[in-house]
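Participant: In case you want the letters, here they are:
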Amino acid sequence: MSTAPRLTALDALHRSLGATMTDFAGWDMPLRYGSERDEHNAVRTKAGLFDLSHMGEITVTGPQAVELLDFALVGNISTVGVGRARYTMICQEDGGILDDLIVYRLQEQEYMIVANASNAQVVLDAVTERAAGFDAEVRDDRDAYALIAVQGPESPGILKSLTDADLDGLKYYAGLPGTVAGVPALIARTGYTGEDGFELFLKPEHAEGVWKALTEAGAPVGLVPCGLSCRDTLRLEAGMPLYGHELTTSLTPFDAGLGRVVKFEKTTNEGRFVGREALEKAAERAETAPPRKLVGLIAEGRRVPRAGMQVVVDGQVVGEITSGAPSPTLGKPIAMAYVDAAHAEPGTAGVGVDIRGTHEPYEVVALPFYKRQK
Amino acid sequence: MSNASNPTHLRYSKEHEWLSPAEDDVATIGITEHAANALGDVVYVQLPEVGDTVTAGETCGELESTKSVSDLYSPVTGEVVAANQDVVDDPSLVNTAPFEGGWLFKVRVAEEPKDLLSADEYTAFSGS
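If you're matching them up, the sequences are chains A and B in order. Following our numbering, the numbering of the first sequence begins with 1 at its first residue and continues without gaps. Following our numbering, the numbering of the second sequence begins with 1001 at its first residue and continues without gaps.
Hint data in this document are derived by calculation from the structure and do not stem from the laboratory. Because the structure is a prediction, the values reported are computed rather than measured. Hints are all accurate, no fakes.
Below, a list of computed lysine-lysine pairs in the DSBU-like style, where the Cα atoms sit at most 30 angstroms apart:
| # | chain 1 | residue 1 | chain 2 | residue 2 |
| --- | --- | --- | --- | --- |
| 1 | A | 263 | A | 171 |
| 2 | B | 1067 | A | 371 |
| 3 | B | 1067 | A | 293 |
| 4 | A | 332 | B | 1067 |
| 5 | A | 212 | B | 1067 |
Please put together the full structure from these sequences, using the hints given.
Facilitator: Next comes the structure, spelled out in structure tokens:
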């Protein structure tokens, strides 16, 4: 594809802040503004501000909106109350993961799906196709929203000064309409950093004003703008999967260790949903012959494992790295890897990673690497 | 990102190393601020060892940053006479002081390529 990269409503602002930009799924996005380690630490200890306008929003409305979602996705969307959100997935007929998603129930008959930027079109196409026969409308709302996230322990205080919404009453994985800095926004207590925080869905023309208001309100408590680079190390420490790394079409949710997102006990559509038969078999396989398991690895040395590198025991390949980075919080390189069940127990001895020819020792640990204190 | 100001007494390779003028045939080598900025936070540095022979334009170590690993090239041919242990212990020196405390290794120069750049030429080449 030779098309020019897409720009978010905050593009000029990023450039004025001196951001290093990068192509991400066809969008020109901030990679970092200064040091990605400083940005990472700000989110862990104070607050960080992210432009996530590249994420894909799809609105589903109508009398049978929930029936459509129960059919198209693997989760039990019927049980999501108004104002709540749910982490779920959309799978192929063969059970392979097309994308992981967050679904917000905005009204009785109105839902918003948020898809990964790289999969937004795939998800839109799949949901649209699966809508045949349902009394529901599927709307591409990618251009309707800018998305700003404020994440970190100081984020409730920062946002409180700018909104009329009852943030104390807003639970984790919930989202409600309100105003921020005087403009309408969907305020959601979600994020991808392992910290408390909020995601604000706004009209693109309001994005710059809200960004500036948050910057001003957050400056006294150490809020800084953050790029995608630290977002990746934050989510890795929090053990959160990333599509294209831990999740792919060649894995079912059961292979990814996320079988719990698949709900077979749905009440709508007589329990029918796309991928059901294949996923039932995958669930059985997972019981009888455990697939490779997603584990955490912590380096004993300083070399950083990267996606695609082999996990080795006694010279034998027993797994593959899916994501790896130096962890600012742990001060050591960390990675997620799919490893044969025999070597997946925390504390398993003798596990190494083949880093450009040398086998570096690693400790197998349970995920996540980092859990915030509540 | 700040505009790199490339010291005029150094010479530069197109692989973004700098080279100090040789004193007693020994030159100091590092990477430029432009390269350090492009890498992001450097977290691991593997340098050639004292006694190794390095060859101009060939790999002699690696620099690992948050997002990627990059080969380190030598801008000259010769014998390594020193490696900067400070930068091995604290790789962030490459980012904070690329032209000073973040130097990487010293070489007794046997042969120097003809196409090393001046500061002005390098600034034009790298765009910063």
